[in-house]
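Protein chains in written order, with the working numbering: chain A, 16 to 324; chain B, 13 to 266.
Quick caveat, the hints were computed from the structure, so don't treat them as lab data.
The reader is advised that the hints may include incorrect statements.
Below are the PhoX-like pairs computed for lysine-lysine, each with C-alpha atoms no more than 20 Å apart in a straight line [as the list claims (entries may be wrong)]:
#: 1; chain 1: B; residue 1: Lys248; chain 2: A; residue 2: Lys285
#: 2; chain 1: B; residue 1: Lys79; chain 2: B; residue 2: Lys213
#: 3; chain 1: A; residue 1: Lys323; chain 2: B; residue 2: Lys119
#: 4; chain 1: B; residue 1: Lys171; chain 2: B; residue 2: Lys62
#: 5; chain 1: B; residue 1: Lys258; chain 2: A; residue 2: Lys288
#: 6; chain 1: A; residue 1: Lys285; chain 2: B; residue 2: Lys171
#: 7; chain 1: A; residue 1: Lys185; chain 2: B; residue 2: Lys186
#: 8; chain 1: A; residue 1: Lys152; chain 2: B; residue 2: Lys186
#: 9; chain 1: A; residue 1: Lys195; chain 2: B; residue 2: Lys186
#: 10; chain 1: B; residue 1: Lys260; chain 2: A; residue 2: Lys288
#: 11; chain 1: A; residue 1: Lys195; chain 2: A; residue 2: Lys230
#: 12; chain 1: B; residue 1: Lys264; chain 2: A; residue 2: Lys285
#: 13; chain 1: A; residue 1: Lys288; chain 2: B; residue 2: Lys14
#: 14; chain 1: A; residue 1: Lys323; chain 2: B; residue 2: Lys62
#: 15; chain 1: B; residue 1: Lys62; chain 2: B; residue 2: Lys162
#: 16; chain 1: A; residue 1: Lys285; chain 2: B; residue 2: Lys242
#: 17; chain 1: B; residue 1: Lys248; chain 2: A; residue 2: Lys323
#: 18; chain 1: A; residue 1: Lys234; chain 2: B; residue 2: Lys258
#: 19; chain 1: A; residue 1: Lys195; chain 2: B; residue 2: Lys162
#: 20; chain 1: A; residue 1: Lys288; chain 2: B; residue 2: Lys214
#: 21; chain 1: B; residue 1: Lys248; chain 2: A; residue 2: Lys295
#: 22; chain 1: A; residue 1: Lys288; chain 2: B; residue 2: Lys248
#: 23; chain 1: B; residue 1: Lys264; chain 2: A; residue 2: Lys234
#: 24; chain 1: B; residue 1: Lys32; chain 2: A; residue 2: Lys323
#: 25; chain 1: B; residue 1: Lys258; chain 2: B; residue 2: Lys32
#: 26; chain 1: A; residue 1: Lys195; chain 2: B; residue 2: Lys171
#: 27; chain 1: B; residue 1: Lys260; chain 2: B; residue 2: Lys248
#: 28; chain 1: B; residue 1: Lys14; chain 2: B; residue 2: Lys214
#: 29; chain 1: A; residue 1: Lys234; chain 2: B; residue 2: Lys260
#: 30; chain 1: B; residue 1: Lys162; chain 2: B; residue 2: Lys186
#: 31; chain 1: B; residue 1: Lys79; chain 2: B; residue 2: Lys14
Computed beta-carbon distance windows for the label pairs [as the list claims (entries may be wrong)]:
#: 32; chain 1: A; residue 1: Glu315; chain 2: B; residue 2: Val244; range: 27 to 37 Å
#: 33; chain 1: A; residue 1: Asp61; chain 2: B; residue 2: Glu239; range: 38 to 48 Å
#: 34; chain 1: B; residue 1: Leu205; chain 2: A; residue 2: Gly189; range: 43 to 53 Å
#: 35; chain 1: A; residue 1: Asp197; chain 2: B; residue 2: Leu205; range: 39 to 49 Å
Listed below are several chain B residues computed to face chain A (Cβ distance under 7 Å; list not exhaustive) [what the hints assert, rightly or not]:
#: 36; residue: Thr158
#: 37; residue: Lys204
#: 38; residue: Pro206
#: 39; residue: Arg243
Since the structure is predicted, the reported quantities are computational estimates derived from the model, not experimental observations.
Idealized CB from N, CA, C, for every residue including glycine.
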Amino acid sequence: MSILVIAEHDNKTIANASLNAIGAAHKIHGDIHVLVAGSSCGQVADAAAKIAGVAKVLKADAPELGHGLAENLAPLIADLGKDYSHVLAPSSTFGKNVLPRAAALLDVQQISDISAVIDADTFERPVYAGNAIATVKSSDGIKLITVRGTNFDAVAAEGGSAEIEDISSKGDSGLSSFDKLDVVESDRPELTSANIVVSGGRGLGSKENFAIIEKLADKLGGAIGASRAAVDAGYVANDMQVGQTGKVVAPSLYIAVGISGAIQHLAGMKDSKVIVAINKDADAPIFEIADYGLVGDLFEIVPELTDKL
Amino acid sequence: MKILVPIKRVVDYNVKVRVKADQSGVELANVKMSVNPFDEIAVEEAVRLKEAGKASEIVVVTIGPEKAQEQIRTAMAIGADRGILVKTDAPIDLGGVEPLAVAKTLKALVEKEKPDLVIMGKQSIDDDSNQTGQMLSALLGWSQGTFASKVEIDGDAVKVTREVDGGLETLSLKAPAIITTDLRLNEPRFAKLPDIMKAKKKELEVVEPAALGVDYTPRLSIVKVVEPPKRVGGGKVSSVDELVDKLKNEAKVI
Ligand SMILES: Cc1cc2nc3c(=O)[nH]c(=O)nc-3n(C[C@H](O)[C@H](O)[C@H](O)COP(=O)(O)OP(=O)(O)OC[C@H]3O[C@@H](n4cnc5c(N)ncnc54)[C@H](O)[C@@H]3O)c2cc1C
Chain A
16 MSILVIAEHD
26 NKTIANASLN
36 AIGAAHKIHG
46 DIHVLVAGSS
56 CGQVADAAAK
66 IAGVAKVLKA
76 DAPELGHGLA
86 ENLAPLIADL
96 GKDYSHVLAP
106 SSTFGKNVLP
116 RAAALLDVQQ
126 ISDISAVIDA
136 DTFERPVYAG
146 NAIATVKSSD
156 GIKLITVRGT
166 NFDAVAAEGG
176 SAEIEDISSK
186 GDSGLSSFDK
196 LDVVESDRPE
206 LTSANIVVSG
216 GRGLGSKENF
226 AIIEKLADKL
236 GGAIGASRAA
246 VDAGYVANDM
256 QVGQTGKVVA
266 PSLYIAVGIS
276 GAIQHLAGMK
286 DSKVIVAINK
296 DADAPIFEIA
306 DYGLVGDLFE
316 IVPELTDKL
Chain B
13 MKILVPIKRV
23 VDYNVKVRVK
33 ADQSGVELAN
43 VKMSVNPFDE
53 IAVEEAVRLK
63 EAGKASEIVV
73 VTIGPEKAQE
83 QIRTAMAIGA
93 DRGILVKTDA
103 PIDLGGVEPL
113 AVAKTLKALV
123 EKEKPDLVIM
133 GKQSIDDDSN
143 QTGQMLSALL
153 GWSQGTFASK
163 VEIDGDAVKV
173 TREVDGGLET
183 LSLKAPAIIT
193 TDLRLNEPRF
203 AKLPDIMKAK
213 KKELEVVEPA
223 ALGVDYTPRL
233 SIVKVVEPPK
243 RVGGGKVSSV
253 DELVDKLKNE
263 AKVI
């Protein structure tokens, strides 16, 4: 068996989620190859070659691959995929965008967001916002899979010495082009791989009030998350949404502040090691899954907590 | 411009689903069903384009049981003009009609209806796959703008702002295109009673999958569906001091 993992990167550094996807590949067993497709992405290919357990790196370096456009990248993945038993990508917006397009080109029914590998054909995946876990067995000749990062340990970024093979791009489809990426710059850790996450919900009441969440997160060296309600209300940017249809996190400590605990939110954080809930409503569902619940006004509790840490 | 909006009948998002005792799936009997929320956003977006004079006709399509006509009527009440039900008794949540099969069905309908744009949900909240739009786009050889929070149309140029992990990405697409919706694209309206009444009279066509040349034999077999491990929670602390103490000395996470 041989497994192709599609690396996620920004042409400079390889995303953590790629290391978790390689972790999942290890559970399938087989030679692991990594595709680095980008523009001036040599640095990433070099880094990928050093990842523990990687046998080969395929490097496709072309301007039209620079922004991960699905229309340009999927044909390349589909073409390479024919020679592999499995093709894996992180279950990030990058992987979710491109892999199904490659799967359709290969006439394969993709398996999304796996949380466990049972054997080479059989996988577990959460469905219904994680309220059920389905075990599915694929009858396709090639398996295309996206990997839920929080369920697989990242492999070591160092220790390997794979060969790098240059491959060519399939060209520019001319169907789409990249205009811009608006990033919210932050020195805080990346949300999905942070060790501590402090999340705020509608209870914060405004964008200005959200500053108390930032102070607490900074005191703890943590990342900031949010409920959908907080994002919809414009307190924070969309990329902070935790949940069924946002990001999935599993830090050692998750602090939910002014979040009621809707199933869609729980879907993205209930695998956290320790959960703290701060809410003035003693009956809020978030308390049912919290290890440490503190009932009270967040505007008193959060500043006090920040002081006492 | 003609817009095709595929929608899906799913368990309402407020329902806490229960796994069936025989582990074959989740309990769907006597459960409230609704239009998948992302698809409702797709219908709303199409209707807004029509109201802005950019779209001429909105056709909704669903693949599902006879009862999925209810969801088509809901979409019509929001403002869709016409509906197509591709009728099947196969399960549509798990172990039945899969995203690839849906994409093939939609491809056949796109070839028949010739829309200039397809707007659909990024994911259905039952099987949570997030695949169909991308697959349809591949099968048609069209451009794709997934997880859209903003769509601007100017002739055959489509500008899409996408909610990505790093922030907001803007792409320019060449029409015809597939757009998949994210939560911030719009807030769907509540249909008013006169619109609900009007929706009942709109044209709804029922077609068989075989007539479209598609086969719903699943590629993935469901081995079992179980409940996730239960998390033991419910612990309470009475003060910030106690919380800090527990985090340091009991949980040892700070
Ligand atoms: C298709 C779909 C997808 C969704 N995806 C997601 C998702 O990915 N992530 C997500 O989070 N949600 C998602 N949702 C939304 C979800 O259903 C809830 O609406 C949302 O999570 C609620 O956010 P909240 O807990 O911040 O707000 P609310 O439910 O309004 O809760 C606010 C809480 O703050 C508390 N509070 C208020 N003031 C104070 C105070 N002064 N001190 C202490 N506590 C206070 C209240 O007691 C309350 O419990 C989705 C919904 C749909 C339909």
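Quick one, are Lys323/A and Lys62/B close enough, alpha carbons at most 20 Å?
Outside the cut-off at roughly 56 Å; violated.
Compare the distance between the alpha carbons of Lys288/A and Lys248/B with 20 Å, and conclude whether the hinted pair is satisfied.
holds, 16 Å
When you check the alpha-carbon spacing of Lys195/A and Lys230/A, does it fall within 20 Å?
The given pair, whose Cα atoms are some 30 Å apart, is violated under the 20 Å limit.
Lys204/B as an interface hint toward chain A, with CB separation required under 7 Å
Result: violated, 23 Å to nearest chain A Cβ.
For the pair we were handed, Lys195/A and Lys171/B, check the Cα-Cα distance against 20 Å.
Measuring from Cα to Cα gives roughly 11 Å; hence the hint holds.
Within 20 Å, alpha carbon to alpha carbon, are Lys234/A and Lys260/B?
Satisfied, since the Cα-Cα distance of roughly 14 Å is no more than 20 Å.
Lys32/B and Lys323/A were given as a pair; does the straight-line alpha-carbon distance stay at or below 20 Å?
Violated, because 47 Å separates the two Cα atoms, which is more than 20 Å.
Pairwise hint evaluation, Lys213/B against Lys79/B, where the allowed Cα distance is 20 Å at most:
holds, 17 Å
Closest C-beta approach of Thr158/B to chain A relative to 7 Å, hint status
holds, 5 Å
Next pair to validate is Lys248/B with Lys323/A; report whether the Cα-Cα distance is within 20 Å.
holds, 19 Å
Given pair status - Lys14/B, Lys79/B, alpha carbons within 20 Å
Answer violated: Lys79/B to Lys14/B is near 26 Å, above 20 Å.
CA of Lys285/A to CA of Lys242/B, is that 20 Å or under?
Answer holds: Lys285/A to Lys242/B is near 10 Å, not above 20 Å.
Comparing the model with each numbered hint stated earlier shows that hints 3, 6, 8, 11, 13, 14, 20, 24, 25, 31, 37 and 38 do not hold.
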